[in-house]
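Engineer: Here are the chains, one letter per residue:
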Amino acid sequence: MDNTKELKNVRTQEQIFLGVAFLVLCVALIGCPQGNEQNAPAPKADLSINVITDATGIPLILPITAQWIIPLAPSITENLKILNARDRIVGRTDFCKVDGNVPSIGNLLEPSIEKIVELKPDLVLASKDGNRPQVVEKLRSLNLKVFVFGETNSWKDMENNFRLYGRLLGKSDEADKILKDIQSELSQIEDMRKALSHYPKTVFLQLNVTPLMTAGRNTFINEIIIYAGGRNVAADSILPWPTLSIEEIIIRNPHIIIISDMGQITTQAVKMWQEERFANISAVKSKKIYIMNADLLCQPTPINFIKAVRQMREYLKYETTDEHR
Amino acid sequence: MKKALVIILLVILLITTVIVCLGIGPTGISYKYLSGTDNDTESKIIYEVRLPRILGALLVGLGLAMAGSVLQAILRNPLAEPYTLGISGGAVLGVALCLVVPFLSAVKFSLPLMAFLGALASVVLVYLITSRHHFSASSLILSGVVLSFICSSIVLLIFSISKPTEIQSTLFFLMGSFATIDYPIIKIIASPLIAGALVLVFFSRDIDVLTLGDEKASHLGIAPHRLRAFLFIVTSLITGCCVAVSGMVGFVGLMIPHIMRSIVGPQSRGLFIASALSGAIFLVVSDTLARSVIAPVELPVGVITGIVGGVFFIGLLINAKSI
Amino acid sequence: MLKVSNLSSGYQAKEIIRNISFAVNQGEFVGVIGPNGSGKTTLFRTITKIVSEYTGSLLYKEREISAWPVRALAREIAVVPQFLIMAFPFKVYDFVAMGRTPYLGRFEMGSEEDEKAIKEAMELSGCSGLRERVVTELSGGELQRVFLAQALAQEPKLLLLDEPTSHLDIGHQVEIMHLLKRFNKDKGLTIVIILHDLNTAGEYCNRLLLLDEGRIYKAGSPSEVLTYQNIEAVYKTVVVVKENPISGRPYVMPIPMDRWETNVKTKEQRR
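Protein chains in written order, with our numbering: chain A, 1 to 325; chain B, 1001 to 1323; chain C, 2001 to 2271.
Simulated from the structure, these hints should not be mistaken for lab results.
Quick reminder that beta carbons are idealized off the backbone N, C-alpha and C, glycines included.
Please note that the accuracy of each hint is not assured.
Claimed, not checked - Pairwise CB distance ranges (calculated): (1) A2013(C) to N1319(B): 51 to 59 Å; (2) D173(A) to V1303(B): 45 to 53 Å; (3) I1233(B) to D99(A): 55 to 63 Å; (4) V1146(B) to N50(A): 54 to 62 Å.
Construct all of the structure, not just a fragment, from the sequences and the given hints.
Structural biologist: This is the structure:
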């Protein structure tokens, strides 16, 4: 325990040039009670199986020190934040929302490797969805500990990944508790959904304007729609992120259109639906076009998942269809 | 001897460039490394991040400039280059196939091998098309454009049916980058690339003769078809090696030999060596710009050479007396 | 030196040379004449292995041409082309030096001997003054002398020239032909030259081959070959042949069609 503390001090000193603000944060990190908690012996559950394997097949023996973490994707950052590990983040991508003065390491696909090395993380977290295998390999060749999370295509994946976050951070109990709460809420929602008297409403979830990209069957977005009591019009697609043609959308006639917020493009998307050719679409006629926070849909964390389900339920709640079960 | 002087100057410039560029990057390390550094992080960044990048850029610049000058000579056309001839495109297609087809991605060395095969296939196609038109400029450029287009279309086809995760890697190949380069891959490509370059230097006299046309070449005791086929294979090998490391880096092979020809003249031996050296310098500098211009964001190096080279190419088209 | 018997050759689709036989002896100056498409250039291309498919026999120094390696052949036979497209701006010296290619190994640098051969070739063909010039910026006459110098640098035993003078004015024509005559006399260089200009051919060559549609129509001394009958038959045009008052060689004058029809006397005149 003393050893780690000493190490921390050395590292902190070295990072003085990164800015006083950052230094303050580091000191805070050492001082905060949470830090001590992490150094406490790992919970029982972790002792029984103390080897975890990442998505690239690289095993990692737990417990590890994970005090200087660089997440290589915004979704990883979000997961870390949920587990109150914001203080352990020493570098971020340009897309990660981290308050305070955390240096950037560039973008997801081509992060600046020397910047990462310079920050001396004891753990780099990458995802199969967001990062290139070449980057991971390069980092590993530089003797950095890199853990790669598998693809997140379902709630199940999200749950599994989140448990892994818990174990990596030595916060398994915390993670389990969060998951348990969400799981029970989901079961409740599921029961209510099954009790519905009418057919599920059809939803077109728009992720882009040109092309008209949406989410297919094997995605967590499809699951969000189902939990919310809807039916994804693109659920028959084998591709995870299919592009639908305009005529296909007109024929599939969604009751609700949900646009993932894309900034400027969103305005463009809203305008697009006012065009004459879409006039017969049920969602357009009844003005059921909603804009949803893109982070909820694009950053797979358990919290975002449940938030997305809740929000989408709101959108679908006041919908009734003539067809009954 | 003006030529010898230019080459010596280029060697000195290359060494200086390498030393200077080792010290430039987003983390702003000073030149303390020259006197040896005991700081672990610094030495890691210098010797395991920047040095392999610089070596990679050096080799690729050398290879592409060499390939360009040879292609220009054997096709007797100053617009020939791996990029404009669609050879790089073919190599990228090979790489794309490699990343997507599970069987291929499992085999070791399949990446450079597929890049080479892709390059070779393009060369054969370009050769077949243009030999019917006596390697005229228009047939060369047209077949190059068409071939690049076909290759990129197939790459896009692969994209549209693969997972986003698989696309990303290939996409980076299309843009060209040295960011994740590693010593093992450098080791794999270095020997065929350098061997290929040496072979070309050894054949420089024959290549000179080949620029006079097939008939004159055979009058001077050289079998033009065999020689050209051989040189094409060597060029594909070099291009394939380059693409396997860096992806598609355009216009180096066009611009560098052009500038060098105006300085050292068209004689192949001097031209090849001067082009190889200055190609290496150019790409090392480009890559340094790529990692430091808007640090810590990495620019694809192909974007930098593409812009610089593209402008040069347009200038060439405007100013050329005849193409 | 060169012995051709029953030679036929051509390209995939078409036979150009049809069953011709002739011989060229050491030290001769032979002119090949004939209308366009009569097979003059194809004959040269067969001799230099550019056209590799042939039937009959084509012996150079008692050895079948197909058995000669190109490199060895290039030390024996040099060719001066009518024209070359210069893709790159080589210096004249470097261009002439390429004539040494068949003597140099791949890893060999040019020796003093090579240097001497290049210098001599340039002096003989009168292009020493062009040494530092660039081939893409030379005039037609200069270029032709440079081609000649390159061929001479090959130190050939047999020199083939394909219409070397057709792009040149009369002054340069005479200059080149005079040079060739001198090589022939002083060095004993055997020359076979394709010529369009019948008068130049008659003036400089010891012997002429008149080709017509891939066959030898007539072979022999200029006065035997350049008769109005032969020329009329092969070129399908009316000519008058006279004797050059100074050299005593035959001199061919074309007669315009309309003059021929209106002037009955001409028939006697041309004898």
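Engineer: Confirm or reject each hint.
Structural biologist: Status of the hints after comparison with the structure:
{"no.": "1", "hint": "A2013(C) to N1319(B): 51 to 59 Å", "in the structure": "violated, 42 Å"}
{"no.": "2", "hint": "D173(A) to V1303(B): 45 to 53 Å", "in the structure": "holds, 48 Å"}
{"no.": "3", "hint": "I1233(B) to D99(A): 55 to 63 Å", "in the structure": "holds, 58 Å"}
{"no.": "4", "hint": "V1146(B) to N50(A): 54 to 62 Å", "in the structure": "holds, 59 Å"}
Of the numbered hints listed earlier, the single one contradicted by the structure is hint 1.
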